[in-house]
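S.K.: One letter stands for each residue in the lines below.
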Amino acid sequence: MKLSDRIVGPGLILLGAAVILAAMRIPDVPGVRFGADLMPVICGCGFVLFGAVLTRSGLRDSEPLAEFDDWRVAPRKLLSAIWVVGGLCAGIVLFEPMGFALFGIIFMAGLMVLMGARPLTVAVIAPSFVLALYLVFSRIMFVDLPAGPLEGIL
Amino acid sequence: MTNLDILSQALANVLQFKVLASILIGAVYGLFIGALPGLTATMATALLVPLTFYMDPLPAIALIVSSTAMAITAGDIPGILLRIPGTPASAAYTDEAYAMTRQGRASEALSLGFFFSAMGGLIGALVLLVSGPLLARVALNFSSFEFFWLACLGLLTCALVSSPQPAKGGVSLLLGLLVSTVGLDVTTGQPRFTFGSVELSGGVSFIPVMIGMFAMSEILRGFSASAFDLPAPPKGEVYRPYRGIFSLVGRYPMSLLRGTALGSAIGALPGVGGDLAAWIAYGMSRRFSRTPEKFGTGHPEGLIEATSSNNAGLSSAWIPALVFGIPGDAVTAIAVGVLFMKGVAPGPRLFVENPVMPTSIILSFFVANLLLFPLGYLAIKASRRVLSVPRSVIVPMILICCFVGSYAVNNSLFGVGTMIVAGLVGYVMERNQFPIAPVILGLVLGPVLERNFIMSMQISHGNLLGFFQRPVAAGLGALVCFMIAFTLVRALRRKPAMPAGTPTIQKGSN
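Protein sequences appear in the order of chains C and A.
If you're matching positions, the first sequence starts at 1 in the UniProt record's numbering and goes up one per residue.
If you're matching positions, the second sequence starts at 1 in the UniProt record's numbering and goes up one per residue.
Hints are computed from structural coordinates only; laboratory data are not their basis.
Model, not experiment: these values are computed from the prediction.
The beta carbon of each residue, even a glycine, is placed where N, CA and C say it ideally should be.
There's no promise every hint is true.
Cβ-Cβ distance ranges computed for the label pairs, FRET-style [unchecked claim]:
id, chain 1, residue 1, chain 2, residue 2, range
1, C, P97, A, S247, 37 to 45 Å
2, A, R240, C, F142, 33 to 41 Å
3, C, A147, A, E353, 44 to 52 Å
4, A, P253, C, R25, 53 to 61 Å
5, A, A491, C, F68, 25 to 33 Å
A few chain A residues that don't get close to chain C, going by computed Cβ distances all over 12 Å [said to hold, decoys possible]:
id, residue
6, S8
7, P396
8, F434
9, F468
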């Protein structure tokens with residue numbers, strides 16, 4: 001989604017104002033003159049300043065306020081993008097109960113199918129790559145990846 | 001013991017089988033991790049620490065040294081081939097290198113990446129060996145004022161070179177700085193923007209943000225119909241490692257010299273590290289170039305300067321770590337921890353009581369960087385296959401690596417969540433021509449900038465003129481002010497507004 005600077009600029013001004021307000025709510029520490037609020041306030045002022053600059057430049061151009069990416073021409077790509085974001089979000093919830101290997105194989109196989117890989121390629125690559133990754137990370141690098149139902153098999 | 005005796009003893013130590021084997025294993029491991037998109041040199045080093053429990057001090061440090069040098073260099077491979085930088089430093093020149101790949105010059109980009117990284121690393125190690133203590137003494141005289149201006153210089157350079165619209169570069173930079181303030185305040189320890197979350201109290205790690213913004217957003221962009229796809233394998237391009245590399249040395253000798261000198265000087269500053277060096281080197285190369293208009297179009301000049309400064313900075317980041325026990329960057333911080341764990345306390349006394357040890361560590365740098373030449377040759381030959389793998393295979397592989405990489409930073413799913421949010425934000429930012437690289441540098445250097453700014457403000461009692469009272473600080477401050485003024489004047493003189501849809505350097509200029 002592409003937004004005109006006429007929208008981005010005022011949005012940044014609002015963001016800057018919100019940051020300044022939030023920073024001002026950070027309680028002062030007695031005896032400390034320059035505290036935790038100083039840097040966020042500077043950032044907030046910067047957002048307001050650059051927001052104003054972008055608003056000014058946005059008013060000069062004649063772009064539409066918003067342009068949406070054309071996903072209709074490639075519904076498979078849209079489904080892939082949804083699978084990526086949704087799958088990764090689902091991974092946060094399913095990581096512990098399913099284990100990394102099982103989740104990884106399903107996630108990877110699903111995405112490969114959506115992206116047009118051949119079934120044999122999916123059947124060979126998805127499990128072998130995920131299992132190899134699991135073994136390298138959990139056994140060699142000692143990263144605590146859950147095995148889930150495959151505990152005892154892996 | 002004379003210096004020659006120390007050197008010969010150190011050489012004998014490094015040439016032991018177990019040390020050489022550690023260096024080789026570390027280099028191959030670093031090559032593997034660095035070449036995988038989304039996995040960083042810092043992560044590679046952190047994951048090695050458990051293995052060092054079972055090793056002697058020198059092989060343990062040699063393992064870390066070689067894996068880091070190789071991982072940082074190999075981090076250029078996904079940057080060059082897929083536009084996914086392996087390290088914050090390689091993000092400085094990823095777009096330039098990627099532009100070369102899209103022109104069918106991937107072999108040249110990879111060759112000069114490995115060659116000049118090795119050259120930079122060797123020269124940096126020489127600087128470390130010869131003038132390390134001297135440089136560290138100079139750096140020790142730096143106060144918070146100098147460090148503040150230096151961080152400003154790096155951030156400003158990055159914001160200015162990464163976008164044709166300075167305002168958009170500035171917004172990206174501020175976003176990175178704002179995210180870096182999340183967590184406990186560096187001076188008072190007060191929680192900021194944590195919203196009661198325990199995970200946010202620890203701050204936002206730059207690794208998941210970097211993975212999300214560079215890798216995930218790139219993949220999402222590849223799915224949208226309006227975006228360009230990941231590179232198709234350049235048909236007919238023959239990968240000839242190091243072909244024509246000496247003509248590049250002859251054409252751009254100043255870039256190599258300036259890059260290594262800058263990298264060595266900046267890497268030697270405690271707490272700054274080598275990442276900043278690549279950013280400043282790239283910006284400096286553009287400023288001093290006779291053909292600045294070629295930058296962003298696949299021009300090797302800036303690439304040579306940045307990549308050589310990167311590895312030179314990596315070597316010289318060990319100066320403060322070894323001489324004063326102050327880590328120069330995240331990797332040396334881990335290495336200092338390993339040294340302490342082994343009963344070797346880095347610091348000035350180490351050079352007096354056991355001078356062979358620091359010299360041996362420095363010599364292991366030479367061996368690790370020399371290994372970059374043959375391993376780089378093999379890596380360039382093998383990297384061709386990365387482009388031959390279909391997108392339907394490589395994209396899911398990268399995403400799984402991103403997931404594991406984000407999780408492995410702290411063994412926490414919070415990292416994965418951070419990556420997803422950063423990926424979506426990065427996608428929207430790039431679609432609107434906001435460069436991503438300044439966000440990462442702002443996030444990395446934010447705490448350095450803030451700590452030194454607050455300290456300086458306290459020292460000068462809020463008087464901003466105090467920032468110009470020391471000679472070096474005044475020089476650096478004047479340079480920063482000049483850059484800001486120059487940008488403002490140029491922006492005001494430019495009559496028409498930036499045409500809509502002008503691509504940022506981030507997006508690939510070709």
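S.K.: None of the hints should be skipped; say for each whether it holds.
M.R.: To see whether the hints hold, each was checked on the structure:
With their beta carbons about 58 Å apart, C:P97 and A:S247 fall outside the hinted range of 37 to 45 Å. For the pair A:R240 and C:F142, the beta carbons lie near 39 Å from each other, so the given range of 33 to 41 Å is met. For the pair C:A147 and A:E353, the beta carbons lie near 47 Å from each other, so the given range of 44 to 52 Å is met. Our hint of 53 to 61 Å for A:P253 and C:R25 holds, since their Cβ atoms are close to 56 Å apart.
At roughly 30 Å, the beta carbons of A:A491 and C:F68 sit within the given window of 25 to 33 Å. Against the 12 Å criterion, A:S8 stays outside the reach of chain C, whose nearest CB is about 36 Å from its own CB. At roughly 4 Å from the closest C-beta of chain C, the C-beta of A:P396 falls inside 12 Å, breaking its exclusion from the interface. For A:F434, the non-interface assignment is contradicted: its Cβ lies about 9 Å from the closest Cβ of chain C, within the 12 Å cut-off.
Chain C leaves A:F468 outside its interface by the beta-carbon criterion, the shortest separation being 18 Å against a cut-off of 12 Å.
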